[in-house]
Structure formats: C-alpha cells, structure tokens
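There are 2 protein chains.
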Amino acid sequence: MTTATTARTAEIRTAALELFTRLGYEATTMADIGAAVGIRGPSLYKHVASKQELLVQIMTGTMDALLDAHRAAVATTADPVERLRRAVDAHVRYHARHRMEAFVGTREIRSLVEPHRAAVLARRAEYEAGFRTLITEGVEAGRFSVASPRLASYAILDLGMGVAVWFREDGELSENAVAWQYTEFALRLLAAV
Amino acid sequence: MTTATTARTAEIRTAALELFTRLGYEATTMADIGAAVGIRGPSLYKHVASKQELLVQIMTGTMDALLDAHRAAVATTADPVERLRRAVDAHVRYHARHRMEAFVGTREIRSLVEPHRAAVLARRAEYEAGFRTLITEGVEAGRFSVASPRLASYAILDLGMGVAVWFREDGELSENAVAWQYTEFALRLLAAV
DNA sequence: TCCACTGGCTAATGATAGTTAGCCGTCATC
DNA sequence: GATGACGGCTAACTATCATTAGCCAGTGGA
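These protein sequence lines are chains G and W, in that order. Per the numbering used here: the first sequence = residues 1 to 193. Per the numbering used here: the second sequence = residues 1 to 193.
Each hint should be verified, as a subset may be incorrect.
Said to hold, decoys possible - Sample of chain G residues at the chain W side, in silico, Cβ under 8 Å:
| no. | residue |
| --- | --- |
| 1 | 155 |
| 2 | 173 |
| 3 | 191 |
What the hints contain is simulated information worked out from the structure, not anything from laboratory work. In this text, a Cβ means the ideal position worked out from N, Cα and C, and glycines have one as well.
Required output: the full structure, derived from the provided sequences and hints.
Quick look at the structure:
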C-alpha cells in the first residue's frame, strides 16, 4: 500500500533521507525517523506504509529526476561535444545538489526488495546507456577519441558518484566550480576536439 | 580480543568478505557466514572473536595493502608524470584485483566501531594526500595543468572506486585493458605533457 | 589407557526492531 | 453540541540476531 503525500509525509521522507545517508538503511530505525520529526516510531505508520516504502520512494524519485535532467540537457543541442558537456554538467549538478538522494540511491540498492530493485537497476542501465550513446556518437563524428566508450562512460559516471560523497554546500568549492571542472575533466578524458 | 590466524579463520574471513560484499555487513548474519563454510553460526566463535572483528580485519588489511602498493609504485621513479602513471596503475589494479575488499572498504566504514573507523579514515586521508602531492608536484614542474589539484585527486580516486564496483574477472575487459585505459584517462584529465 | 584440547553442536539469553492493536484528545463540520 | 476523521501515544507481538553456556565426539600425545 502507498500513502498519500502530505506536508507531514514529505517531512518524514526528508528525515528518512538524512538518516539513511548518515547511518544507512539497515542501521536506521523507525524510532530514529520518528524522533527526527518529533513523534514516536509507531506514529509514523499514520503517514507511511513501511520503512521499505520510504526507501522505494527515495530511490525511484532519484532515478526519475536524474533521467529527466539528462534528457532535458541532451535535448538542447545537436552538437556531440556540446551534448556531452551539458549531460555531464547536469550529472554533476544533480549529484552536488541532491547529494543525499544520490548517495542513498547508489548505496542502498541492496536494501531494496524486488521488484523495486530490478526497476531501479533498469533505470540505472538506461542512464548509463544514454551516456554511452553520446560518447559513441561523438567518436563516430570524429570529435572524441577513446578506446572503449563503455569504459569512458563508466569513468564519467563514477566521477559524479564521487561528487555525491564529498560535496558539501558550505565547502570551499561551489557547485559551479565543481561542475565546470568536472565537465572539463570529462572532455579531456574523451580527448574532445 | 583478537584471534590467531589459521587456515580455518582465513576461510571464514574469505566467506565473510564475499557476504559483506553481496549483502552488506548489517544484512549478513553469523549464521550466513557459518553456512558458507559448512558450520553453524555459534561455532564461528571458536575461530573469531566477533562479527565486528571480521570487518575490522578486512578493512585495515585493505587500507594497509593499498598504501603499500601506492608507496611501492611511487618509489620507482622521480619523474612526476611517470610517478603518477604508476600510482594510478597500482590504484586501478588493486581495485580490480581486490574488488571485494575495496568495495567493502569504502562502503562499510559506517559499520566500523571506534576507534577502528577513525583509524581507517586516517589511512584514507593519507592515501588521498599522497595523490594530491603527486599532482601538485606535477603542476609545479609544469607537467600537469589543473585548476584544483584536490578536485583532480578526488576525480582520479573515484575512478578506482568505480572499478571495484563493476569490474569482473571474467568480463570482456581484462585487468590490463582497464589499467591502461584508466591511467590514460588520468593523464588526459591532468593534461599531462 | 587416559586426558586434555580442538572444534563442532544445540539451547538459552538478552537486546533490538518493525509492525499492529487499541486508546484518546483535538477540532472541523453538520 | 454531537461526531467522526486525524494523528498522536503506549503496550504488545513477533522476529531476528549476536553472543554465551554447556555438552560431546574425535584425536593425538604421554
């Protein structure tokens, strides 16, 4: 069963996200989540169906948002190099802006119960395939030069994952600085011309 | 209390590593580990002190091996570019060859109890600092060109982490192929000359 | 032959956690 | 002013788990 989204459920979801990020899904208790919003553990069930449902909503929401951002970024131009630049920019910015979602999204797949795990993995594969296509098109157009588009796509995606781990809003590097540097890294890595 | 290392304890450690990788530390039970070596959960205590001890030994062993590999790679030459190439090569090969150790090593820091967590984090910081130093020296020698050595070191380290996630011994890409490609990526990323 | 050690086992302990049941105050609506 | 939905609460319930206790078969040396 799913639960309707009210202000309270949104607040609970935010608290769960923060705790899943800090402690991990398994180590976070319903009592912890309750305490974070000022109520007892069992009272959460007036708002959400289960702990697992909280994780499912965080994970699927993350993947949908990431895919949307990717599609929007890629749709704005036809030039292979520019398309890739914008895709990497969206990728890095998403991981900086939603670091907790991205962090939980990559680390807690194991804790997802079927069929949700399969659904999230399918979306991840789709996302990776999108990057690989961009790279392959760039190679065919003579704008990129890499031995293995698949390896290059892994490398670029992993950069984003890393951002979600160490980025801090109040750190010395701004989102803009990181996005600029990382798109530069990606284009260098592909030997873009 | 620590337990002496016999053939049996090594077998148990290997089984635990495989299960921690696949299920995560929290989700792995002592009964699971026992079953993997053909005995019951409580019998494990004839060989190891606790579940936590198993994790501690995996994590500290991983970080020590990684630091050793790094130091050995860096000691073999004085040329900044070549030093970095060898460090990245060692980094990538370690993550390919010991993917389970590396995977658990990065993902289960949360499950480590103090003072072990602090010890492992200190070693990680030391490792990262090593890479940053290599990059800074290369920049000062005019061989690398990056806006932020710290960002570049993060990026390169994250590439290795990624390898531990997707690399498979029986996959289509050999360790050599990955190591070669990734060192190339790293040098391109730094605009090495 | 005996004895002590090794390394299994089952049963019990104690703690923790997700979830359900059932109670009750508040408050908007009729 | 009654009433019913809403959203709290405490007290079970039911599992699961790490760990300990205590038992026992085999085995190898004295």
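Okay, the hints, checked on the actual structure:
1. This hint holds: residue 155 of chain G has a C-beta 5 Å from the nearest C-beta of chain W, less than the 8 Å allowed.
2. Among the interface hints, the one on residue 173 of chain G holds; its C-beta lies about 7 Å from the nearest C-beta in chain W, closer than the 8 Å criterion.
3. Satisfaction of the interface hint for residue 191 of chain G is found here, the shortest Cβ-Cβ separation to chain W being roughly 6 Å, below the 8 Å cut-off.
Checked against the numbered hints above, the structure breaks none of them.
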